Structure formats: structure tokens, C-alpha cells
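Given the coordinates of chain A, work out where chain B should sit on it, guided by the hints.
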Amino acid sequence: MDSQLGLIEQSFNNRYTLWVHEALDELPDSFTITDPSISGHPIVFASRGFLKMSGFSRAEIIGRNGRMFQGPRTNRRTIMEIREAIREERPIEVNLLNYKKDGTPFWMLFKMSLVFGKEDGRATHFVAVQVPIVSRKHMRNSGMSYSEDGGGSRLREIVFGSCRREVCSDSLLDLDRVLALDSDDTGLEIEDSCEASDLEKRKAATAIDNILSVLTHYSQLTGRLVCGKRCSLPGMGFISSSLYISLGRIKQSFVLIDPHLPDMPMVYASDAFLKLTGYDRNEVVGQNCRFLNGVDTDTTVLYQIKESIQTEQACTVRILNYRKDKSSFWNLLHISPIRNASGKQLASTFNSTSFTICPVEIAYFAAVHTEEGCRNQDRHGLSLEMRQLSAIGAIKVAVRSLSMGAGPSKS
Amino acid sequence: MLRIKRVPTVVSNYQKEETEEAAAAARRVSGCGRNCLNKCCIQGAKLPLYAFKRVNKFKTEMGVHGHEVREPEPPVAFLDSLVLGEWEDRVQRGLFRYDVTACETRVIPGQYGFIAQLNEGRHLKKRPTEFRVDKVLQPFDGNKFNFTKVGQEEVLFQFEASEDGEVQFHPSAPIDVENSPSVVAINVSPIEYGHVLLIPRVLECLPQRIDRDSFLLALYMAAEAGNPYFRLGYNSLGAFATINHLHFQAYYMALPFPIEKAPTKKIISTGSGVKISELLNYPVRGLVFEGGNSLEDLSNTVSDACICLQENNIPYNVLIADCGKRIFLLPQCYAEKQALGEVSSELLDTQVNPAVWEISGHMVLKRKKDYEEASEENAWRLLAEVSLSEERYQEVNALIFEAIARGDDANGGVAESVIGEADAKPKSGGEVDAINKNSCPAMVSGTPECLVLHSGSRYCGLMIRYCFYKLASAMTY
Chain A
13 MDSQLGLIEQ
23 SFNNRYTLWV
33 HEALDELPDS
43 FTITDPSISG
53 HPIVFASRGF
63 LKMSGFSRAE
73 IIGRNGRMFQ
83 GPRTNRRTIM
93 EIREAIREER
103 PIEVNLLNYK
113 KDGTPFWMLF
123 KMSLVFGKED
133 GRATHFVAVQ
143 VPIVSRKHMR
153 NSGMSYSEDG
163 GGSRLREIVF
173 GSCRREVCSD
183 SLLDLDRVLA
193 LDSDDTGLEI
203 EDSCEASDLE
213 KRKAATAIDN
223 ILSVLTHYSQ
233 LTGRLVCGKR
243 CSLPGMGFIS
253 SSLYISLGRI
263 KQSFVLIDPH
273 LPDMPMVYAS
283 DAFLKLTGYD
293 RNEVVGQNCR
303 FLNGVDTDTT
313 VLYQIKESIQ
323 TEQACTVRIL
333 NYRKDKSSFW
343 NLLHISPIRN
353 ASGKQLASTF
363 NSTSFTICPV
373 EIAYFAAVHT
383 EEGCRNQDRH
393 GLSLEMRQLS
403 AIGAIKVAVR
413 SLSMGAGPSK
423 S
Chain B
3 MLRIKRVPTV
13 VSNYQKEETE
23 EAAAAARRVS
33 GCGRNCLNKC
43 CIQGAKLPLY
53 AFKRVNKFKT
63 EMGVHGHEVR
73 EPEPPVAFLD
83 SLVLGEWEDR
93 VQRGLFRYDV
103 TACETRVIPG
113 QYGFIAQLNE
123 GRHLKKRPTE
133 FRVDKVLQPF
143 DGNKFNFTKV
153 GQEEVLFQFE
163 ASEDGEVQFH
173 PSAPIDVENS
183 PSVVAINVSP
193 IEYGHVLLIP
203 RVLECLPQRI
213 DRDSFLLALY
223 MAAEAGNPYF
233 RLGYNSLGAF
243 ATINHLHFQA
253 YYMALPFPIE
263 KAPTKKIIST
273 GSGVKISELL
283 NYPVRGLVFE
293 GGNSLEDLSN
303 TVSDACICLQ
313 ENNIPYNVLI
323 ADCGKRIFLL
333 PQCYAEKQAL
343 GEVSSELLDT
353 QVNPAVWEIS
363 GHMVLKRKKD
373 YEEASEENAW
383 RLLAEVSLSE
393 ERYQEVNALI
403 FEAIARGDDA
413 NGGVAESVIG
423 EADAKPKSGG
433 EVDAINKNSC
443 PAMVSGTPEC
453 LVLHSGSRYC
463 GLMIRYCFYK
473 LASAMTY
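Chains A and B, in that order, give the protein sequences.
If you read the first sequence in the numbering used here, its first letter stands for residue 13, the second for the next number, and so on.
If you read the second sequence in the numbering used here, its first letter stands for residue 3, the second for the next number, and so on.
Because the hints were derived from the structure by calculation, they are not lab data.
Just so you know, not all the hints are guaranteed correct.
[Claimed, not checked] With a Cα cut of at most 27 Å, we get these calculated BS3-like pairs of lysine-lysine:
no.: 1; chain 1: B; residue 1: Lys263; chain 2: A; residue 2: Lys213
no.: 2; chain 1: B; residue 1: Lys267; chain 2: A; residue 2: Lys213
no.: 3; chain 1: A; residue 1: Lys64; chain 2: A; residue 2: Lys213
no.: 4; chain 1: B; residue 1: Lys55; chain 2: A; residue 2: Lys263
no.: 5; chain 1: A; residue 1: Lys130; chain 2: A; residue 2: Lys112
no.: 6; chain 1: B; residue 1: Lys146; chain 2: B; residue 2: Lys368
no.: 7; chain 1: B; residue 1: Lys371; chain 2: B; residue 2: Lys339
no.: 8; chain 1: B; residue 1: Lys263; chain 2: A; residue 2: Lys241
[To be verified] Derived Cβ-Cβ restraints for the label pairs, each shown as a range:
no.: 9; chain 1: B; residue 1: Ala163; chain 2: A; residue 2: Pro144; range: 38 to 44 Å
no.: 10; chain 1: B; residue 1: Gln113; chain 2: A; residue 2: Ser15; range: 39 to 45 Å
no.: 11; chain 1: A; residue 1: Glu324; chain 2: B; residue 2: Arg99; range: 17 to 23 Å
no.: 12; chain 1: A; residue 1: Glu397; chain 2: B; residue 2: Glu168; range: 21 to 27 Å
Predicted model, so just to flag it, every value in this text is computed and none were measured.
In this text, a Cβ means the ideal position worked out from N, Cα and C, and glycines have one as well.
Chain A on its own, in the form it takes in the complex:
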């Protein structure tokens, strides 16, 4: 957890000067900021307004994921919409039911926007504003509540208005009572759906603008500018935030190698890899993994790896690797090609440094590392091989789906 807190501090410190915390704290609105590049997509900042609204303390929130505020009556489809907006890196505005620390549910307008690095076009943070919905349109639970608009009162209109069918006046009272049969057993009268007013929507929009201008201002001072819209197209070796989020769930030590870039660099390294080898992320991403090899590394094994890569085969080898502090360890290394979903393409790229021709349908090579001598079975009882293979499987699922064409939006 320590290293995670460190990462969270760095999340801001890398981009903005320290005064940004104070400036954000001066804003009255309720909002949170999350960082998709940290495993778990955690909250890295929560405003005072948010703490007040939710009843949580800062320490209880920082490092946690936003789903902690969801509960049994939160609409599942809305949760899916938010998840998909995050995956596609686009803004979203929905009415959402959340839960406070004491368990009370409340409706709010949830408006999420992105912050992009100006130069590299990458999504650096997600900003989410929460405006509690005060002006509620009452909707009954008995079947007239549309998920989108307020159709609940129509039932009353129908009954009070001209009816084609016989309705005794007595029955109107019964209507109420029968409709009330559907209410919550716990006594928590909470509507099935809710719609924010224009006023609330404007509040949310203004809040987003204010936050973005604070962030933009304080990024100018570090020279690592951000902006609210993607200003440049992400370059080669781009790992979208949604791929980060998917890969961040995989706990094994592994890296992704991009065979289409010169010298086949690593474009992603998991936290476990950094822990195993002792390096920092910025020291390894963009480098070829040969830095793991050393004087006593067997060159025939290296040749074996190269051949597997060239023939697009998976392979497992036992290789002597070196950590940052020069200590060595035996690495049970498993390498596998990871295809994207676009199938056979005509163009391949010739990689002049490694003299390989790599077809475009291979998106990456994944290399999973296990230090020999580590407990052979994890606490669940999965064998070492099974853990390695499951990492490969998870990577394949993540990369494949991402490359099906519904990736990050270009706007």
C-alpha cells in the first residue's frame, strides 16, 4: 500500500505544482479525480465538497476505486455506461444513485470528463463531478418509471383523465394503496430513477470548467501541459487508459513488448515486474528488455527467445536475469505473441534493429516472469505454470477486445 500511496502522490506531482491541491480545495464543488495508469484506477484527489457530501474522510477515499460508493440499488445499466465511457475515454453525464458513509442512498448528477496530456495526447486523469439532485420528480415503482424520462405521473393522468374503461371513483384510492405495495421493505423510500434539472446540469458543467482551468494553469508551471480535449494524436506505442486499467488487474510480473517499434521496446511493465527487478517505471518503459541480461546469461537461451519471436510461437525458458542492484535470479520466462483482432493484414513492419519482420496482426509480445524458488503455488493453490498462462490469457482478452474498433475516441 505504501508504494501505491507514493504513486498517487506522484500522479499529481508529475504534472502540476504543489499549489494545485490548495487551488482545488478552494473550489466549492464536489468532485473526485482518478488516475487510470495506476493499478486499480484509484481516486487520487477528493474535494472538500465531496467529503462533506459523502461523509467519508480523505484517508478513506484516496486510493480506492469509485465503485465503493455504489450499492444494491444503483442502476446496473448506468454502471455499465460509466464503465464503457471510461474504456472509450469519452465524457459522460448520467443520473446515478450513490451511497454515503452511513449507508443512505442519494441521487446525483454524475458528470465525468477527461484530462489529456497536450503533447502526447494521453488521458492522464478522469475528473468526476457530483451534483446532488434536489428537485426530484416523484416516480412510482409500479411500472411506469422509464429509465430515461419522467413518465411516472402519467399513470395518474390516465386515471384522472378520460378513461376508456370503467373506473369507479373508489378505486382511485385503492390504486395508491396497491401501488404502494411495491415500496421498499426497509422503509427507505428511494425512487427508481431520477432526472437532474437544467440548473443542476449547468452547475456540473461550470464545475468541470473550473477544475479544468485550475489543472491547466498549474500544469503550465511544470511545462507538462494538460488540456480538456485530446489535442494531439497519441503516438506509436500508445497504451490507452483502458488497456492500463485492464492490465492493472493482472498481479503477475509481466511486460508488453511492441515488435513494430525500433529495437522492440517494452511499452508496459506491471507493478510486480518493477518490484521483482527493483527498477522504476520510467527507467524501463521504452527500453528493450536486454537490460535484464548480464554477464552470465546464457546466449543460447537468448537465441531461443529470438527464434520464438520470429516464428510467432510461445516459449518458456529458464534464464539468468539481473536486478537493478546487480543481484541475479533465475527467471522462468514465458513469452507469447498477442494478436489484435484485425486479422491478417498485408503490411508487415520490418524492424531494422532486430532484423525481424513482424506481421501487423501481432500487437505485442507478452513476457511473464517468475522467480525460481518462489513458492511454487500461490495461496489459492494455482501452480506456477497456471499463473503464467492465466496472465497471458488475461492479456489476450484485453488486447483483443480493445483492437476490435471500439477503442479510445479520437476527439
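Structure of chain B alone, referenced to chain A:
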């Protein structure tokens, strides 16, 4: 009897023609040499065993005032790791007929994002299988292919409820025939990465029909995997199930399915807290089940609906999504239309059999032409043929709601709610007034779809609410 020639999908390396099978059976002496699951080979067989925690997860989430300490973003759940790892292992052992990750797949531009896949390898075996499509319930036939005939290497692990309430994993546990194990096996003609089959109580050779226990097992698997992109599906006979041996399918697709994006309109909440909605603005008409006071409540409600459809000979498909929290029930009639020659040849030529995945929006196409020309309109047009008509759908819904209300009533445990007794004690005072006053029946009897109401607790309450919903809907059109 309606028969159509269909191209079968091979789901096991050991799937053979019936006649060949019968001949082979005659030749067999002891141990068929295929290391299958039948009596001939099962003695001493061992498989990994995953025992899930039989916890009603919904209960622990509800009404929790101090939030449980949960990890920021849960790491890949254990069951998830097991399925992925075992599946990748079979990939590297070459057990699949083709590499599904080499199949081109793309999201079709449009509002819903239908997913089109070009998969020429899935239908290589061209010999047609005759399969009755006009009966949803058919007895198990041991002569036809079934899952006791798969090789043990195709089986990934046993899947059971844990005895002591904790997740247990045994990397190599003997198969206890007495215990009627349920297993997870690979589908050798996968349509996506991780395509597996969940076969409840495989050795009991149950025919393809849903019962409460099996459905609950499927829901537990969805919940245990904890991955909203790992969904389970079920096809009844007549709705393009390929094998008459009880099984569910599942695979990974880290994208939303179009059906999951469709808006819904709530119809009703049952006594056990299950919210039932109908799909709006989607080519196939269907119901969505969510919530429930517990996983079992949700499972039983959906099972009761499925059983009702089966018993009324209505083919249907089920999609279990969102870690078991959203379940889609879709009655269909495509096979009947095909057999009666009511489907256009253009659609027939695509040879798409609209089973649960296709209906959910994942279209597996055999011809390059269809893949390249795939569009949201084409997909919509095909799926619209699958759907029941509005009229028929409402009739079917009425049946379903009646079945659910009966099941709900039984669960309500009100001993005195005997159907038909006018003076039975209902659950709450409000209902008594509503029933006893003449006004209510007058309103209700005006709607032809409503069934005769019996006095009695939850059953009556639910049916009244359903009738009001219908009444109101009728008036808005």
C-alpha cells in the same frame, strides 16, 4: 414433425455421427481408449476442483452501513484466473480446431455497436444433423453425442459448492461419481477467447432443460468469476442448442454487448425483490431480471420463467450478464419460421443460427462477404426475424408472470394462502381493500390479458401490479 437440415457446430474433438458412434460402441470392449468421462474411463480420473463459496452475495452488500473494506479494483478473481489459465494451456496444447484470436472481429459502426466476427473454421463439418426443432423438451438420447463422450483433456475443472463456506481449490481431485460432479470444459470450436461449457451434473446425462439447481449453479459461476465481460448463455432446444445434454456456454468479450445497452422499462418487482423489465428499442423482444434479495431469489425467479416456457413449448435463450446481476430472457421463433419457409433466402444464405450470442449482438459470420457488408441494419433485420411478434410476446409474458407469481407465492411461505379461498389472509391490509371492493375486479376484468385472480398474498399483489402495468401501457399507446 418439423425438420430442418442444419450444419452442426462441433463442440468436442470427439463429436461423431450417430451411426459411426453406434458402430464404435459395438466394437468397444473395455475402456474406449479415448479417456472420456463415461464408465469406461472414469475410474481413477482426476481433475482440478474449484469449490465456490455458497454465499448470497447480495445479502452482504445490502444494508451495510459501515462499508466493507474492499480492494481498490479487485484483481483478477481466482475463478477468472483458473479459466483463463486452463484455457490458454489447452491453446498451447493444440486442442482447438483453430486459433480464435486469428479470427477477424470488429465492432460495426452504429448506435448499438454490433460485433461481427469472420469465422470460417467453425462450420467445417458439413454433414447435416437432423434435429427436431419443434419440441423444446426432448428426452436424452445416449446414442447421440453428449458430454460424457468428451476426452478428459477437454475438461478444465470440476465446479462445486464448497462444504465449509470457503473457496477451496484442489489442483487434482478424484472425480467422485457418487457426488454427481459438474464440470467446465472447452468448446473446441470457440467463438471467442475462453469459450467454455458449464455442464451441470454431467454424469447424470440431463437433457437440455433448465431446472432451479442448474440455473443457480450457472449464476454462481458468473458471480464467482466477478468479471462483467465473462457472460454465460443458454440455448433451449428449438433455439439453436446443438446438443441435447444440459449445458451453458461462456466466454470473454471485453466490450459491451448491444443487448446490454438497450434501454429497459420496468414492469414489476416481485415479492422477493427481483425487478423485471422489458427491453425497449431492440430487435428482439425480451425480459430483463435484476436485483433480488439474494442470488437464489433472482435465480429462482428466472428459472421459474424458463420452466414455464419449456413446458409451453416456447423456445428461448438466456443471457447471464454483469456478473450474474442482469439476466436477459428471450423467447424466439426463428427455427419454426425456417422450417415453415418463412425466412427470406437472403437471410438463410448467411447461415447464421441466431442463438444467444447472436441475439445479444455478437454475430459469427461464415462468409467474407457477409462480414465485410455487416451493418447495423443487416443485424437488426436478421434479429427482428427471431423475435416473437408483439402480440405473441404479450401472451408469453402473461404466462411467465403467472408462473413467477405462483413461485413467488410459494416462497412467501404464507401457509393460509390457498388459491381460491375467498377469505384467505393476505399479507397487508391494502390488498384486502383492493380485492374486496368491487372496483378493482371491474378494472381488471376489462383487460383481456389478465388472468383470473385468486385471493392470496403475494400472488395477488404481483398479478394486480402486472395488470395495472398492462392497463397503463395499453392506454398510452
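Hint check:
1. B/Lys263 / A/Lys213: Measuring from Cα to Cα gives roughly 23 Å; hence the hint holds.
2. B/Lys267 / A/Lys213: Between B/Lys267 and A/Lys213 the Cα gap is close to 24 Å, so the pair holds against 27 Å.
3. A/Lys64 / A/Lys213: holds, 20 Å
4. B/Lys55 / A/Lys263: holds, 22 Å
5. A/Lys130 / A/Lys112: This hinted pair is violated, its Cα atoms lying about 36 Å apart.
6. B/Lys146 / B/Lys368: holds, 26 Å
7. B/Lys371 / B/Lys339: holds, 24 Å
8. B/Lys263 / A/Lys241: Answer holds: B/Lys263 to A/Lys241 is near 26 Å, not above 27 Å.
9. B/Ala163 / A/Pro144: 38 to 44 Å: holds, 42 Å
10. B/Gln113 / A/Ser15: 39 to 45 Å: Taking Cβ atoms as reference, B/Gln113 and A/Ser15 lie about 43 Å apart, which means the hint holds.
11. A/Glu324 / B/Arg99: 17 to 23 Å: At roughly 19 Å between Cβ atoms, B/Arg99 and A/Glu324 fall inside 17 to 23 Å, so the hint holds.
12. A/Glu397 / B/Glu168: 21 to 27 Å: Given a distance of about 25 Å, which is inside 21 to 27 Å, the answer is holds.
In this structure, the one hint that does not hold is number 5.
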